[in-house]
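Keeping their order, the protein sequence lines are chains A and B.
Each residue of the first sequence is one higher than the last, beginning at 1 in this note's numbering.
Each residue of the second sequence is one higher than the last, beginning at 312 in this note's numbering.
To be clear, the hints were calculated from the coordinates, so they are not data collected in a lab.
Everything numeric in this text was worked out from a predicted model, so none of it was measured.
There may be inaccurate statements among the hints.
[As the list claims (entries may be wrong)] So the derived label-pair ranges between C-beta atoms look like this:
1) B:397 - A:163: 56 to 64 Å
2) B:489 - A:67: 18 to 26 Å
3) A:163 - B:433: 55 to 63 Å
4) B:378 - A:143: 51 to 59 Å
5) A:289 - B:463: 45 to 53 Å
6) B:427 - A:42: 50 to 58 Å
7) B:469 - A:23: 15 to 23 Å
Where is the CB? At the ideal position from N, CA and C, for every residue including glycine.
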Amino acid sequence: MAHREWMHDPTKQSKEYIKGVNEFLEFAFQNSKSNKILCPCTNCANCLKGSRTSVREHLIDPRRGFVRGYRQWVFHGEEPTTSSRTVELVEMEHNMGGLINDIFGVHLMEEPTLGEGERNPQVGECSKFYQLVKDNEEMLYPNCKKYSKLSFMVHLYHLKCLPGWSDKSFSMLLDLLRDALLEGNILPKSYYETKKMISGLGLGYEKIHACPNDCILYRDEYVNDQVCPKCGTSRWKTTSEDVQANGMETSDKRKNLPAKILRWFPLKPRLQRLFMSSEVVESMRWHHEGRLNDGFHRHPVDSLAWKEFVA
Amino acid sequence: MSINHSTWSVILFPYDLPPWMCMKQSFFMLSLLIPGPKGPGKNVDVYLQPLVQELQDLWDNGIETFHAYKRETFQLRAAIMWTINDFPAYANLSGWSTKGQYACPCCGIETISRWLKHGGKFCHMCHRRWLAPKHKWRLNGEDFDGTRELRKPPRRLHGDSILIQIDECLEEGLEDGAQPWKKKSIFFTLAY
């Protein structure tokens with residue numbers, strides 16, 4: 001669909017404008033069953049109906065014209081294109097191969113022009129990648145057409161997370177499924193193995209130990225400290241017996257358990273992933289391409305600060 | 312409802328996405344999970360450190376990213392635009408106390424409040440200052456607290472003057488000994 005620049009004619013008298021109005025009327029009455037349509041002029045604003053002549057008069061009236069922003073004639077039989085995109089998003093799940101490619105930027109390796117820069121995946125990354133590709137190619141059981149090992153486990157894991165199944169119930173379900181599916185299936189043996197497989201997809205989190213009184217995080221210069229330098233509380237979980245026995249230190253009998261853990265989900269890889277995913281990146285460009293730019297302030301994108309930041 | 316454990320989360324939204332996707336759950340970016348049993352209160356800055364460090368780096372240096380649409384790499388940069396939170400959390404993030412004598416973050420240190428002796432709490436009656444200079448309610452004492460309101464709205468502070476005010480306030484407190492600024496927020500360490 002063209003951008004319909006003619007709709008912005010301020011005089012409402014130019015040739016293109018009148019031609020456009022005629023086209024509009026043609027289009028609207030093709031899709032209309034009665035001999036009246038909703039009038040899209042600034043006064044009626046698609047609320048009042050009018051006959052062909054009256055709508056035409058309204059539209060070529062210099063004081064009226066089309067109501068602002070009515071680029072898609074949704075009230076006159078045109079399909080809305082942009083806002084239906086949310087529906088597509090729901091259905092983009094099954095394409096696992098594309099997903100893996102997006103994650104590891106395989107298209108980079110196919111294009112030698114980009115060279116051997118630092119973007120080439122490290123050795124560890126590579127092995128992870130090939131493991132995932134292998135999982136994706138393996139069939140769930142002999143002659144299974146619908147699911148690969150990877151896609152099935154991703155779906156199952158999703159199910160586990162949404163209603164909050166316990167780890168144990170997940171392992172038990174796996175046992176049952178392994179028993180029930182055809183001979184030769186390759187389901188993972190436990191929840192632990194599933195988790196290891198899924199974590200290959202990336203976007204994990206880091207655990208940072210914290211002082212239980214919110215004084216510091218045990219990172220940078222405090223990485224190896226055992227006691228908070230501000231309030232003197234131990235980094236580890238202590239019981240009253242421990243404190244009596246050897247001050248702030250925990251007893252050596254137990255493994256040290258951190259008293260408080262902050263879970264940090266690093267932002268950078270997530271932002272990178274947004275741009276690397278071929279499905280999302282198109283939407284990321286919408287502010288640039290998809291909407292009309294007429295100098296009105298509709299979204300923070302129109303603000304000066306945003307424009308300066310982009311430039 | 313009794314609550315004996317509170318976990319706080321910090322969630323980021325990519326504003327590059329079109330509006331109908333930007334606030335959808337699948338595009339939330341969970342950034343921090345701050346464990347309980349108590350909420351972090353004004354010490355939330357401690358936990359924001361990793362995030363703010365990343366944001367600083369993303370502003371100063373950016374990060375090389377592959378663009379799947381143009382099929383080339385580019386330098387990705389990011390800035391935080393604003394925070395979305397409720398009023399009590401506003402105090403934790405900004406450092407300006409949103410309760411007690413100086414509860415109003417718009418009036419700042421010019422907030423007028425009155426202690427209700429028998430109610431045992433503060434009330435804030437200065438809102439007529441924001442009306443137009445000749446508004447009829449300004450002279451109408453009867454329906455309000457019995458006074459005529461002739462003051463202008465409080466001055467709008469700029470970034471620099473706020474910083475100076477915070478420093479002075481953290482050192483000495485206000486004349487009456489109150490301390491509306493509880494801390495210098497970690498967001499002031501960002502370059503913008």
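Now the hints, each set against the structure:
1. A C-beta distance of roughly 28 Å is found between residue 397 (chain B) and residue 163 (chain A), which places it outside the suggested range of 56 to 64 Å.
2. Separation of residue 489 (chain B) from residue 67 (chain A) is about 54 Å and departs from the stated range, judged on CB atoms against 18 to 26 Å.
3. Between residue 163 (chain A) and residue 433 (chain B) the CB atoms are about 46 Å apart, so this pair departs from the stated range of 55 to 63 Å.
4. For residue 378 (chain B) paired with residue 143 (chain A), a C-beta distance near 40 Å fails the hint of 51 to 59 Å.
5. Checking the proposed 45 to 53 Å range against residue 289 (chain A) and residue 463 (chain B) shows it holds: the Cβ atoms sit about 46 Å from each other.
6. Checked against the hint of 50 to 58 Å, the C-beta distance between residue 427 (chain B) and residue 42 (chain A) comes to roughly 53 Å, which is consistent with it.
7. One distance hint, 15 to 23 Å for the beta-carbon pair residue 469 (chain B) and residue 23 (chain A), is violated here, with the actual separation near 53 Å.
In terms of the numbered hints stated before, the structure departs from hints 1, 2, 3, 4 and 7, listed from lowest to highest.
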